[in-house]
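Participant: As given, the protein sequences belong to chains H and B, one line each in that order. In terms of the numbering used here, the first sequence has 16 at position 16, counting the first letter as 1, and numbering is strictly consecutive. In terms of the numbering used here, the second sequence has 52 at position 52, counting the first letter as 1, and numbering is strictly consecutive.
For the record, the hints were derived by calculation from the structure and aren't laboratory data.
Keeping only pairs whose Cα atoms sit at most 30 Å apart, straight-line, the calculated DSSO-like set for lysine-lysine is: (1) B:K79 to H:K100; (2) H:K2 to H:K67; (3) H:K42 to B:K79.
Each chain, letter by letter, is given below.
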Amino acid sequence: QKEVEQNSGPLSVPEGAIASLNCTYSDRVSQSFFWYRQYSGKSPELIMSIYSNGDKEDGRFTAQLNKASQYVSLLIRDSQPSDSATYLCAVNANTGTASKLTFGTGTRLQVTL
Amino acid sequence: SQTIHQWPATLVQPVGSPLSLECTVEGTSNPNLYWYRQAAGRGLQLLFYSVGIGQISSEVPQNLSASRPQDRQFILSSKKLLLSDSGFYLCAWSVLDRAEQYFGPGTRLTVT
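With the hints as extra help, turn the sequences into a complete structure.
Facilitator: The structure is reproduced here in structure tokens:
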């Protein structure tokens, strides 16, 4: 069974600090990796996609992928209270016409003043 | 730009009653469509996906069913709800050959 593991948290960081969120996955053939942000009571919002090993930066967000270690992470620089949410890691392994994502249970991030 | 709608936003139904949730996508043609359920404190569980009109794949055996009567319409149904059907139901879409999925606002279902 394909699994995506995340620490449930909460991860508490002070405002302005770097938040580091981690995710491991079990399926070695996984090809696409995503981070979603989910505010309490709302639907998930896609914030980062990464497909190849290394780092991908978008504003204050950096996604890091290491396929050999089956590990993907999300760094949030200059954390703001508005970043407080649950962050879901998602992995896609299939090559068919439908994109089937396997989600982790999420890490709850709290940014404190 | 693409927009995805779901309704109703919230629903309270008694055990044994039927269910119909609707999802529509605007601004794209022939999307892949997905139904997920998120139970309280748990991860997203893929229930159904569809790559075209009338084409439905089920991921989890249960008392729910899905239909896609039109290209951009996806419906989740049940003939008799169970208490365990309570949760946050999310519809998502993706473009053919792309893995990114985009979620609708969701329907919060409480079965009493």
